[in-house]
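J.: So the chains spell out like this:
2 protein chains.
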Amino acid sequence: MKIVFLGTSGSTPTKQRNLPSVALEYNGEILLFDCGEGTQRQVMQNSLNISKINKIFISHMHGDHVIGVAGLIRTFALNNREKPLYIFVPEGEEKKINALLTFDKIKFDYPIIVKEAKTGVIDKNKDYIIKAFRLKHSVPTCGFIFKELNRLRFYKNKCMSYGIKGTMFAELKEKGFININKNIKNKNKGKRINLKDVTYEVKGKMIVYATDTRPFINTVTAAKNADLLIHESTYANDNENLAKERMHSTALEAALIAKKANCKKLALLHISSRYHSIDTMKKEAKKIFKNTIIPNDGDILEI
Amino acid sequence: MKIVFLGTSGSTPTKQRNLPSVALEYNGEILLFDCGEGTQRQVMQNSLNISKINKIFISHMHGDHVIGVAGLIRTFALNNREKPLYIFVPEGEEKKINALLTFDKIKFDYPIIVKEAKTGVIDKNKDYIIKAFRLKHSVPTCGFIFKELNRLRFYKNKCMSYGIKGTMFAELKEKGFININKNIKNKNKGKRINLKDVTYEVKGKMIVYATDTRPFINTVTAAKNADLLIHESTYANDNENLAKERMHSTALEAALIAKKANCKKLALLHISSRYHSIDTMKKEAKKIFKNTIIPNDGDILEI
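In order, the protein sequence lines correspond to chains A and B.
So that you can map any letter, position 283 of the first sequence is 304 in the numbering used here, and since no number is skipped, the others follow by simple counting.
So that you can map any letter, position 166 of the second sequence is 187 in the numbering used here, and since no number is skipped, the others follow by simple counting.
One chain only, chain A, in its complex shape (with noise of 0.2 angstroms):
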């Protein structure tokens, strides 16, 4: 899966850097976290397809996190998009997006529909499940786990030595089991052969996406050995006090929460426009968790 980095700014844009969203490209769909505002044109920036937008995870509703969607669904409009979008926000929002989406009375020719995020399981298909937790913030906000379900994957050798083939996989897959064909010239003919023999399971992976927060315990265990937390970093250790008075983290309190939560990787966003350079906050993060990245707008991770 593809992960696009479309905002990595907290509270205001900067030149270099655009309000916060992060996009999850998995299996021909675009799944959003968060949705700043211009992160249409971001989208549009960084050669995704607009269209493939299914669903839009909404972590509080703080403007820099949210107001992109007011653009996003207009331009949806434009384009004659038929399916659904789905929009979660934190439990009790609703009315507050409603305001956002509808401020000029406009009706959609196609279904929005707003979900609020209660804890645990908030969405799932064939491919994932995603899970919302609750962060530490100064307003009701929502981390979320992208958890893709294991694979199994059929060892191709063994296969070919039962002389499995064609729709005998789907077979095997559905019941469980297949009786090799009497018939065939083969030694394992009539043998029944079951699917685990044959099989063996692919981990999914594990997204996390926590912001805005201050370091809280419930991202440590909602991150439990995630193949990449993205957790928010708005400050460097110089700004400490200002992190915990506004309820955000410092680059190193996120590295704390990777290293508790035995994460693979470590990617820092919601940076304050104040700091022209990360290279502290990188310095600091990485003395705590060495695989910690500060991605720039438009960077993409292959996870």
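Wrong hints could be hidden among the right ones.
As the list claims (entries may be wrong) - Pulled a few chain B residues facing chain A out of the computed Cβ check, cut under 10 angstroms:
no., residue
1, PRO34
2, ALA91
3, ARG95
4, LEU99
5, VAL135
Hints are computed from structural coordinates only; laboratory data are not their basis.
Since the model is a prediction, treat every value here as computed from it, not as a measurement.
The C-beta atom is built at its ideal place from N, Cα and C for all residues, glycine as well.
For chain A, the structure is supplied; the task is to place chain B on it using the hints.
T.: Just chain B now, with coordinates in the frame of chain A:
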């Protein structure tokens, strides 16, 4: 005065063009005409001082012209703005703009004053007046006239020869005349000098902003002899019918307005995202009105 084309696209942004907004920098303040999504970042990227924005003139409440206000006013709040911000919207649209501004029930610490723009003078100070006029679009839409007031300039040499200097200029301006001191050694001693004897008038510049609209007689009247007409040009001739249907203008239609109004210069914006090249549009407009430009985002005009 300086005009910066912050966003020149229509309806949806493109890789090259952001949504509509034009900044007019005059005498230490910035007036914004329309404020599409992403305008605050365009302001930053064009190195304008965002805190100088005092007044925003919204042509109509279609999302592409107004959504940027929501982000801008939050950035002002984060910057601890204290001075008031004036937002002008077409008559009857106050509720809609308020729904957008405070979708999240935020309270601002500085005054945001929304005014409905009736036809006629909507704002004035010692340097300029702003008038609104009605355009012809699918929703209530205003055009805006920025009219710099005529200014008096002193003939330097004449003033010198009469011995006018220092505080005498202010006195002359205030009273309309001045009596030259009887005691000075000058052939003009004791003489009464009238203001008009030592001054000439410099005509103020006039700029007219007209988008979105069908070509409309009101615009011709409003833009009579304007130094600059900024007019929408969503389509080229190939989409003449679409322009009619969707209540927009072609480049040629905009050029005809500029010609009839005897404008000095025409700038086209609100270019549909379907046009990857503006060459045809430019050609069609220039055939009618030679002094036509189609600015790119970030282009600057000194008037």
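J.: Are the hints correct? Go through all of them and say.
T.: Okay, the hints, checked on the actual structure:
1. PRO34: Holds. Min distance 4 angstroms.
2. ALA91: At about 5 angstroms, which falls below the 10 angstroms cut-off, the nearest Cβ of chain A leaves the hint on B/ALA91 intact, so it holds.
3. ARG95: OK, holds: B/ARG95 within 10 angstroms of chain A, min 4 angstroms.
4. LEU99: This hint holds: B/LEU99 lies near chain A, its Cβ roughly 6 angstroms from the closest one there, short of 10 angstroms.
5. VAL135: It is violated, given that the least Cβ distance between B/VAL135 and chain A is near 13 angstroms, above 10 angstroms.
Going through the hint list in order, the structure does not satisfy hint 5, though it satisfies all others.
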